[in-house]
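Trainee: Sequence:
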Amino acid sequence: MPKSQSTANITISAINAFTDNYIWCIQTKHNNTAVLVDPGDAEVCINYMKEHGLTLTDILITHRHSDHVGGVRKLETYCQQQGWPVTVYGPTLEATEHCHINLTDGDKVVLKYLNIEFKVIDVPGHTLGHIAYFGEDNLFCGDTLFSAGCGRVFDGTYEQLHHSLKKLATLPEKTRIYCAHEYTLSNLDFALAVDPENAELIHFYNQCRQRREQHKSTIPTSIAIERKINPFLRCSESAIQNSANQYRENQDIANQNRKMSIMSELTTFKTIRQWKNTF
Numbered sequence: 056m057p058k059s060q061s062t063a064n065i066t067i068s069a070i071n072a073f074t075d076n077y078i079w080c081i082q083t084k085h086n087n088t089a090v091l092v093d094p095g096d097a098e099v100c101i102n103y104m105k106e107h108g109l110t111l112t113d114i115l116i117t118h119r120h121s122d123h124v125g126g127v128r129k130l131e132t133y134c135q136q137q138g139w140p141v142t143v144y145g146p147t148l149e150a151t152e153h154c155h156i157n158l159t160d161g162d163k164v165v166l167k168y169l170n171i172e173f174k175v176i177d178v179p180g181h182t183l184g185h186i187a188y189f190g191e192d193n194l195f196c197g198d199t200l201f202s203a204g205c206g207r208v209f210d211g212t213y214e215q216l217h218h219s220l221k222k223l224a225t226l227p228e229k230t231r232i233y234c235a236h237e238y239t240l241s242n243l244d245f246a247l248a249v250d251p252e253n254a255e256l257i258h259f260y261n262q263c264r265q266r267r268e269q270h271k272s273t274i275p276t277s278i279a280i281e282r283k284i285n286p287f288l289r290c291s292e293s294a295i296q297n298s299a300n301q302y303r304e305n306q307d308i309a310n311q312n313r314k315m316s317i318m319s320e321l322t323t324f325k326t327i328r329q330w331k332n333t334f
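Take 56 as the starting number for the sequence shown in this note's numbering and just add one per residue.
No lab work stands behind these hints, which were simulated from the structure alone.
When the alpha-carbon atoms are kept at most 25 Å apart in a straight line, the in silico DMTMM-like pairs for lysine to aspartate or glutamate are as follows:
#, residue 1, residue 2
1, 229, 177
2, 163, 191
3, 271, 255
4, 163, 152
5, 325, 244
6, 222, 237
7, 271, 98
8, 229, 292
9, 283, 214
10, 174, 122
11, 325, 252
12, 167, 177
13, 229, 191
14, 221, 244
15, 222, 210
16, 271, 237
17, 283, 268
18, 167, 152
19, 283, 228
20, 325, 177
21, 163, 177
22, 222, 162
23, 331, 320
24, 221, 192
25, 84, 106
26, 331, 304
27, 221, 210
28, 325, 214
29, 163, 192
30, 283, 244
31, 129, 96
32, 221, 191
33, 84, 172
34, 167, 131
35, 221, 252
36, 325, 255
37, 331, 122
38, 222, 172
39, 229, 255
40, 331, 255
Whole structure, please, built from the sequences with the hints as guidance.
Mentor: Now the structure itself:
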């Protein structure tokens, strides 16, 4: 299990689920309450709370996919059995039967037992109603932004996802990114195919490979790091555009001898996201 990360008021720990999911547990240093982010598996969460003597007060959902919401109903039942009132927050556009409070861009989530506040950021693209939670320099972004990568496009659009990533990239550099999967090494393999001369990327890859060999998590990452190494945040740069253009030329068999024009930032993003789908 990844080591807990502490900030001024809270401790954030990862609960491993399924093959590579992280369910984030946010705890305060002042009492035994806890908040879970995207609990797709109830059993591992219940075991974690029992082991650490925690009381669950709130659940934050980023989007509707089952590996993020699949454990909510059982957790609600467990909390009722314990006599714990639990509040479930989730995106308005993907409201499920479990959500008590539906959220949209700019809303505030005040977690009174932890004495912290999160701002809600709309980040559609992976799904149409995906949201993220940002507070105290921590970002819980589900499947929108990964280290060295981003989510697939399901019922959103490439334009939406590109805009969402640009929005997240404007957050303070010190922002810690808590995404929902340990995809970093595979994302870095692709990033190196797109941007093989990036020294920062090569250095980060070596660091992450060493961490994984030691069975350690690569998460959280940071906005500062991702601005340097994540090709999906750097689609305005010539190195990424050139690689995307070359990939399109290689795919366009009928026009192999025709040099394609300079690509727009959005076209670059769409091209490398489609490239990653089959990488």
